[in-house]
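Undergrad: Sequence:
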Amino acid sequence: MPNTFAHSQQQLAELADSVIAQAVREGASDAQVIFSESNGLLIEMRQGRLRARTRDAQSSMSLTVYRGQHQGTTGSTDFSPARLRETVQAACRIAGYTGEDEFTGLPPEQLLCREPRQLDLWHPWDLDEPGAQALAHRIESGISSAGKGAMSDGVWVRSGQSHWFLMNSRGFAQGQRQTDHVMSAKALAKNQGHSQLDFCNSHSHLASTMMTPEAIGRRAASGALAALDSAPLAGSRRCPVLFDPLCALTLLDHLVQAAGGAALYRRNSFLAGRLGQAIFSGHITVEENPFIPQGLASRAFDSDGIGGAVRRVVDDGHLTGFFLSAYAARRLGMTPTGNGWGPCNLTLRSSLTQPGDDFAAMVKKLHTGLLITGFSGGGARLITGDYSRSLRGFWVEGGEIRHAVDGVTVAGNLADIFRDIAAVGTDNFTQGAFTSGSVLINSLQVAGR
Numbered sequence: 009m010p011n012t013f014a015h016s017q018q019q020l021a022e023l024a025d026s027v028i029a030q031a032v033r034e035g036a037s038d039a040q041v042i043f044s045e046s047n048g049l050l051i052e053m054r055q056g057r058l059r060a061r062t063r064d065a066q067s068s069m070s071l072t073v074y075r076g077q078h079q080g081t082t083g084s085t086d087f088s089p090a091r092l093r094e095t096v097q098a099a100c101r102i103a104g105y106t107g108e109d110e111f112t113g114l115p116p117e118q119l120l121c122r123e124p125r126q127l128d129l130w131h132p133w134d135l136d137e138p139g140a141q142a143l144a145h146r147i148e149s150g151i152s153s154a155g156k157g158a159m160s161d162g163v164w165v166r167s168g169q170s171h172w173f174l175m176n177s178r179g180f181a182q183g184q185r186q187t188d189h190v191m192s193a194k195a196l197a198k199n200q201g202h203s204q205l206d207f208c209n210s211h212s213h214l215a216s217t218m219m220t221p222e223a224i225g226r227r228a229a230s231g232a233l234a235a236l237d238s239a240p241l242a243g244s245r246r247c248p249v250l251f252d253p254l255c256a257l258t259l260l261d262h263l264v265q266a267a268g269g270a271a272l273y274r275r276n277s278f279l280a281g282r283l284g285q286a287i288f289s290g291h292i293t294v295e296e297n298p299f300i301p302q303g304l305a306s307r308a309f310d311s312d313g314i315g316g317a318v319r320r321v322v323d324d325g326h327l328t329g330f331f332l333s334a335y336a337a338r339r340l341g342m343t344p345t346g347n348g349w350g351p352c353n354l355t356l357r358s359s360l361t362q363p364g365d366d367f368a369a370m371v372k373k374l375h376t377g378l379l380i381t382g383f384s385g386g387g388a389r390l391i392t393g394d395y396s397r398s399l400r401g402f403w404v405e406g407g408e409i410r411h412a413v414d415g416v417t418v419a420g421n422l423a424d425i426f427r428d429i430a431a432v433g434t435d436n437f438t439q440g441a442f443t444s445g446s447v448l449i450n451s452l453q454v455a456g457r
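Under the numbering used here, read the sequence shown as residues 9 to 457, first letter to last.
Source of the hints: derived by calculation from the structure; they are not laboratory data.
Take the hints with a grain of salt, since some may be wrong.
Listed next, the in silico DSS-like pairs over lysine-lysine satisfying Cα-Cα at most 30 Å (straight line) [stated by the list, open to error]:
no.	residue 1	residue 2
1	Lys372	Lys156
2	Lys198	Lys156
3	Lys194	Lys372
4	Lys194	Lys156
Based on the provided sequences and hints, a complete structural model is requested.
TA: Right under this line is the structure:
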């Protein structure tokens, strides 16, 4: 797709500068504004028939003004001078009515990112509608090739691009742009009155690094077909549990939620007060790197204008860092971590992992127990760490997958699950901000129907 933004980065910078200046004239002691634009092409197909063909273009402006420790926030999708002036005036009026918050305000100037890194996130895809439809057909052919009984329940091809410019009244003024390309499949498998769904997607800033369309379709269909061969898992037991790479990412998500600023300052996290303590097995590290070239969650700065850092959030099992915006850091009396837009490229690793620990080897390590390949409900209660999830997956005996299971529940506590990680595989999978191989837990409570 060509670069079809309505405004250049320079024009967004000029708009931002005018808005900041207007806010100061209206009585704001400080202000921050972000202008953003995005556009994209989306094709949806099901069983050879085109279901949707969408070209979208969006623009937005979000403004926050401060009058001392009073805050007002407004936004607009209209960048005309008259509308922007009205938006600035509205934000300043709101700040006159909101309550005082001693923790609100812009971050100190010394924390602002002055020289953003170049992260190689801009790779436009020369994709038109016929080309996207051809890719969708190839995804569906991959579904069909997986075996009898598999069919498409929808495939998607999307190419998008976005750019934004962030400015505040303390001298921060930086922009960034990126492309995002996605191909995905939902496969339906049927057999003797039973049916199962499975999904697969590939996401990248650079189209040539995605999985092939046929592989995406085959993977989704193979998962759905395998899930048809199910048998009940009766009773309740404690046994080893292996999270496949996609499901293992949910453990990182729970960590981020529990170690996030809002949960911590509200004392709504079982990790509150645990900084510096051992919360994982001693062989586990969790590294954050905002600066990986082409990383799905790479960013030079966050929503406060603060740059992140390469760091170990978990080091040899010990919790060494939180995920803090400028506001959350003030509430906690700590330093911001550059996570105002969330985590950046988190990777779960184990010092025990060997080069040959692929998925098959991890199933061998599981030996006899439950392999989890998808979740269908439940979650974690952050304040206590209590964990209960319904799932689908496979029962494994002697290191071999025996049959699929459905309607099974695993339960425990996140504190125990983190400490009970026995192994992490080399079969790394990345989705959004998270990367992990399959994760073996020594023991969890498993209940069948």
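Undergrad: Are the hints correct? Go through all of them and say.
TA: Hints, one by one, checked against the model:
1. Lys372 / Lys156: 29 Å, holds
2. Lys198 / Lys156: 9 Å, holds
3. Lys194 / Lys372: 29 Å, holds
4. Lys194 / Lys156: Holds, at roughly 16 Å.
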